[in-house]
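One letter stands for each residue in the lines below.
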Amino acid sequence: MGLAGGVLIGLAAVTMMLVAGRIAGISGIASGLLMPMRGDTLWRGVFVAGLLLGAVLIAVPLPHHLEASPVQGFWLAAAGLLVGFGSTVGNGCTSGHGVCGLARLSGRSFAAVIVFMATAMVTVWVVRHGF
Amino acid sequence: MASKPIFYLVGIGTSGFLFGAGLVLSGMTQPSKVLGFLDIAAMTTGTWDPTLAFVLGGAVVTTFIGYRLVWRCKRPIFATSFQLPKVTALDMPLLGGAALFGIGWGLAGYCPGPALASLVNPTLHTLAFTAAMIGGMASGKLFNNRKKKS
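Chains E and F, in that order, give the protein sequences.
For the first sequence, the positions run 37 to 167 when this note's numbering is used.
For the second sequence, the positions run 3 to 152 when this note's numbering is used.
Quick caveat, the hints were computed from the structure, so don't treat them as lab data.
Note that this is a predicted model, so its numbers are computed, not measured.
Incorrect hints may have been included.
[Claimed, not checked] Here are the simulated lysine to aspartate or glutamate pairs, DMTMM-like style, with alpha carbons at most 25 Å apart:
{"hint": "1", "chain 1": "F", "residue 1": "Lys88", "chain 2": "E", "residue 2": "Asp76"}
{"hint": "2", "chain 1": "F", "residue 1": "Lys143", "chain 2": "F", "residue 2": "Asp93"}
{"hint": "3", "chain 1": "F", "residue 1": "Lys143", "chain 2": "E", "residue 2": "Asp76"}
{"hint": "4", "chain 1": "F", "residue 1": "Lys76", "chain 2": "E", "residue 2": "Asp76"}
For reference, chain E alone in the conformation it holds in the complex (with noise of 0.2 Å):
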């Protein structure tokens, strides 16, 4: 399944590609949507929506594959806050940077990977199992 997953989600940065010639991250088309230009909404605003039509797809089927995080109240709207304000500063998430950044074999994104996957490991680390 992950890997599966993962190809089909390589798809679709092709087809970005392919179709606008962009990079397909995920933070970057969502956060344009939050200042729109004139002319550079509607296909933010149809990604998102072929989004969420391709998750409830799979989703129907596999139920499970949607979970809750294990934090809550403060540390969730923490967690989203960092995550939302980290990867439009960065320039990128798992997707711009990760998936498409590391396919362009791009140094900035090689360079975000390291740190983004070493902070939450270290973060993981701390709330599992202490200092």
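Starting from the known structure of chain E, arrange chain F on it as the hints suggest.
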């Protein structure tokens, strides 16, 4: 481009559709799997979850090959040129932003794609995370713009 709108949008929608299907199928909308991969201490106890490595590996290899096939074309179907990032500097916004992103990802186990995909089951939980993420993106935009002006 007169022929642009409809087929262009169908292509974009297809990309989004494949992305959403891939995220849910791969288990990226299951924080337990994401956090189980990031938990490197579990490597020593045999409870480590390697799923994310297969997801990222499958996605990067597919994209690597596909990009090179697409780049043999002179230009994308519905754009005049490929728009690839040209910046190469390893600057503070990149590294600091990635560091903060990783902390948030490691706390909750959601990154932006799965957060959006999880909204197909709109619980208070998924809505709260995504609302906070959108708030974070908006403040990130303000931060980026403030820097540009100064």
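Structure-based check of all given hints:
1. F:Lys88 - E:Asp76: holds (20 Å)
2. F:Lys143 - F:Asp93: Satisfied, since the Cα-Cα distance of roughly 17 Å is no more than 25 Å.
3. F:Lys143 - E:Asp76: With Cα atoms ~16 Å apart, lysine 143 of chain F and aspartate 76 of chain E stay inside 25 Å; holds.
4. F:Lys76 - E:Asp76: It holds: about 23 Å lies between the C-alpha atoms, which stays within 25 Å.
Of the numbered hints listed earlier, not one is contradicted by the structure.
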